[in-house]
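Novice: Chains B, C, D, E and F: place on chain A using the hints.
Protein chains: 6
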Amino acid sequence: MAISRYPVPELKDLPEDMRTRILEVQDKAGFVPNVFLALAHRPAEWRAFMAYHDALLLKETGSLSKGEREMIIVATSAANHCLYCVVAHGAILRIYEKKPLVADQVAVNWRKAEIPPRQRAMLEFAMKVCERSHEIEQVDIDALAAHGLSAEDAWDIAAITAFFGLSNRMANVTAMRPNDEFYLMGRVPKTKS
Amino acid sequence: MAISRYPVPELKDLPEDMRTRILEVQDKAGFVPNVFLALAHRPAEWRAFMAYHDALLLKETGSLSKGEREMIIVATSAANHCLYCVVAHGAILRIYEKKPLVADQVAVNWRKAEIPPRQRAMLEFAMKVCERSHEIEQVDIDALAAHGLSAEDAWDIAAITAFFGLSNRMANVTAMRPNDEFYLMGRVPKTKS
Amino acid sequence: MAISRYPVPELKDLPEDMRTRILEVQDKAGFVPNVFLALAHRPAEWRAFMAYHDALLLKETGSLSKGEREMIIVATSAANHCLYCVVAHGAILRIYEKKPLVADQVAVNWRKAEIPPRQRAMLEFAMKVCERSHEIEQVDIDALAAHGLSAEDAWDIAAITAFFGLSNRMANVTAMRPNDEFYLMGRVPKTKS
Amino acid sequence: MAISRYPVPELKDLPEDMRTRILEVQDKAGFVPNVFLALAHRPAEWRAFMAYHDALLLKETGSLSKGEREMIIVATSAANHCLYCVVAHGAILRIYEKKPLVADQVAVNWRKAEIPPRQRAMLEFAMKVCERSHEIEQVDIDALAAHGLSAEDAWDIAAITAFFGLSNRMANVTAMRPNDEFYLMGRVPKTKS
Amino acid sequence: MAISRYPVPELKDLPEDMRTRILEVQDKAGFVPNVFLALAHRPAEWRAFMAYHDALLLKETGSLSKGEREMIIVATSAANHCLYCVVAHGAILRIYEKKPLVADQVAVNWRKAEIPPRQRAMLEFAMKVCERSHEIEQVDIDALAAHGLSAEDAWDIAAITAFFGLSNRMANVTAMRPNDEFYLMGRVPKTKS
Amino acid sequence: MAISRYPVPELKDLPEDMRTRILEVQDKAGFVPNVFLALAHRPAEWRAFMAYHDALLLKETGSLSKGEREMIIVATSAANHCLYCVVAHGAILRIYEKKPLVADQVAVNWRKAEIPPRQRAMLEFAMKVCERSHEIEQVDIDALAAHGLSAEDAWDIAAITAFFGLSNRMANVTAMRPNDEFYLMGRVPKTKS
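Protein chains in written order, with our numbering: chain A, 120 to 312; chain B, 120 to 312; chain C, 120 to 312; chain D, 120 to 312; chain E, 120 to 312; chain F, 120 to 312.
Only chain A is shown next, with the shape it has when bound in the complex (with noise of 0.2 Å):
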């Protein structure tokens, strides 16, 4: 199976910059998540992808825990039906959370997901943005500071939601494909050696 509709580059065809990223992630996950070559077909929006991507994910400020920043990642991707990023974002969500179960529950019905009040409030924000975002109003970014999250933690919300928004629709429409390894990923126990 092809990993996206459109043509993808070859590793070794790629500007250095990109190159450099993606054998970094390659050492560091084991392979190469389809996404950073499906999308290395237009450099340009590559380079923004990732620079969002890093602007919101990799951030240490605000409350967000990793593991909470993936389970909307999981919850927006469901709502949008985007194969590629619930399978492999539900992965690294169960990697960061260390809950083989979550990912499902939050992918198939996040009300029954077996997560506390706050990731709760946390994604009902979210779906909020992700589906009617022009019914937000301040007395929704309010209600989450019961739950120790902040209008700058809310921002982070909507934010992850929009942009995985944005990826959904990219992954849906060139029809991107998961590796086979993050279906699997994080649901058993690592063996020691």
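Don't read these hints as lab results, they were simulated from the structure.
Please note: incorrect hints may appear among the correct ones.
[Said to hold, decoys possible] Listed next, the in silico BS3-like pairs over lysine-lysine satisfying Cα-Cα at most 27 Å (straight line):
hint	chain 1	residue 1	chain 2	residue 2
1	A	K147	A	K218
2	B	K218	C	K218
3	A	K247	B	K247
4	C	K178	C	K247
5	F	K131	E	K178
6	E	K131	F	K178
7	F	K247	B	K247
8	E	K217	D	K218
9	C	K131	D	K178
10	A	K178	A	K218
11	A	K218	A	K247
12	B	K217	C	K218
13	E	K247	A	K247
14	F	K247	E	K247
Specialist: Just chains B, C, D, E and F now, kept in the frame of chain A:
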């Protein structure tokens, strides 16, 4: 009226690269579009946003004219009920297309806009990406060819729709206010001096 | 561009009462709004339409200002994606309210319009009548009282919404074209002579 | 049970023209349909409503039979969940079409009603006008020709749908109660004396 | 008109247990409701269907009256646009509740039906189960207690709604036709001999 | 975590027939799927549920493979956001089809699943039954023939979709929790001893 429900930095407090870009825009437009200041609350995201924006709207390749790209933005932003983007990009659309009525037509009901079949097909594809990207199939992309729109153009349409879906959500969540200037721009012929 | 996909009678061929009314409007507005000619294809319906229109918009009782009535029309017509009514009544709204930006705000997202709480409550009720009138309960009407809107005002809001729902559907089905003049009306302050 | 949540005038207090019309209806039907009294709370609107009603339902031109017009009303009113209109016009539909089962069939699921293809096409067009009139195109009107329905008939279908959309909203907002008599009318063959 | 688009077995060809049950119903009702014959095309499914039906509708425990159970069925079937079930169970509802108008009211708009608050709460819960069961929370069940409806009653409401959701889909897919007799049952008081 | 918000009987307290069936399942699966215990709160309904389940899933006639039946269940359950059924039947689907990725693909977006056209047509029909069965026409059934799916297969698809719609609603209302074991089943090849 505040231009955002989040803190808005002053131009003088921004990093050099951001200030330079903003001043350039001000020179060209005669005022600073509020999106530049509202999103500047988060410099790293601002830079990624502008890089993505430029990658999609300043690129010289592909068959989409600058006016057509703005038309996609207006249709997407209307579907997402984003006041800032409908008003700001509606202004730019009027100017690029030299059609003072087209932005309101596209915003209210693109099916009734006075545009050629090519632009209608373009908007039909954009709206499917906007509202149900998970149903996009190869046939949707192939159907564009009859209107001189290649698969690369389809990517452009999808990417613009997806990126402004992000932009719409951020504008809605931050309650971003369009500059008053945009409402009137492109509606009246410039008087010669 | 034709102003309707149906035959449009010439002014001279219309019955006396219709011609008189149309000439009065022309005197006042400086042009004949297309709805008067497009609907004149059916004189009996035209007369009933105008009588209903006048009963709702010219009445002197109730607390709704003329600007507020136009605001309801614009919100309803935007929800029904009716190009003619958004453009034509948007113009009248701008003039009555003396607010050049308000029509676009209400049309794109009334929740973000710069209007007082009373008008927001009014539009919230109107939108419920427009989109799911079968869910209207006594509490919806009672809630308006907090904003100085009586049960009679609720009837007015509902009737205006319902009548323009009719108007929107006829304009959509006939592909009624707004006069070019409407797009710009009320956007620029009248220059004194 | 009250027949409206608004004040209902007594027949004797109504202006002469309204009382005359109502007495005529009473003579013919054997009772006064509640809509005549409930809407009489607003005489000017009542007169316009009745004029519109008569223009659409009493006209002698066009190919729509009286039963077909009632069928459109029942389908529209069911889509709008209007109890008054489904029950009252369901009764009239049964009588005009001499089909005691057809009203319930059309109200629950017009696609399963035992009606000829012409009436199915008619209802399909009506439902598009009712629910998404902004998507109506010339092809929708042209498609009716195969069933002997002209563009003028399309106007009739659209106007009846649009007018009863108005009526449905007013009945829903006023909580208009159907007369008990309507529920049974046309269900049993009249016994000869 | 056929009573199903699938083959319908003759009574004489059915297994003994099925024939016995059907003859019992015929004795009681005076005719064989078409569902018994249409579903008999698949004996094993027929038996399971009837067992489920009886477990929910013949049970003696719980606070739901037989009329209330039929009311849930009518509301559910109307939401699913199932002609067979609205007509057949509408008849039974009228008879059990001894209210000749209630079935049409519940089918068109349960919010406007002349029923006590308990039955309204019951239908509100049923409709949430019918249309968005994934959003059901403990609070929805707890809210029923104010109307004398226990958690066990909530199970009953949910199970009836869910089972007739199944029934509605089968009737819709097989184009199951309601017996003519149902349309009139319970509408007129039985005349004493 | 409780496996249901309703009381769950102990195996030893169940009637003989139920206990026997449950022990058989336990023998085969290695654990008792929670649905057997959660629904056992109502023995009569349990028996009907299992009889229906067996009639649809154990039948030897028709062209649907066991894997295909599970695929319909997963797609239906995902559309209904039923955590229990997506997780439990996703496991069985993976095992029957020997495709460790297919369940996640079908659950997130069946249109992107790596399945042959026959199974795509099967799921398209199932989703129409699930979401708008009242629009099913003979042509929908006829269209399946091109993929070797007969009218009897169409009944099977519809019945499985309808039955699991029931199951989904009960699982959602009872907050039925999937056994942890299901999440991993069929994802890794069995190691030979």
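Novice: Each hint: holds or not?
Specialist: Here's how the hints hold up against the structure:
1. A:K147 to A:K218: holds (21 Å)
2. B:K218 to C:K218: At roughly 24 Å apart (the allowed maximum being 27 Å), K218 (chain C) and K218 (chain B) satisfy the hint.
3. A:K247 to B:K247: holds (20 Å)
4. C:K178 to C:K247: holds (23 Å)
5. F:K131 to E:K178: holds (24 Å)
6. E:K131 to F:K178: holds (24 Å)
7. F:K247 to B:K247: This hinted pair holds, its Cα atoms lying about 19 Å apart.
8. E:K217 to D:K218: holds (26 Å)
9. C:K131 to D:K178: holds (24 Å)
10. A:K178 to A:K218: The given pair, whose Cα atoms are some 23 Å apart, holds under the 27 Å limit.
11. A:K218 to A:K247: holds (25 Å)
12. B:K217 to C:K218: Roughly 26 Å between the alpha carbons, so the hint for K217 (chain B) and K218 (chain C) holds.
13. E:K247 to A:K247: holds (19 Å)
14. F:K247 to E:K247: holds (20 Å)
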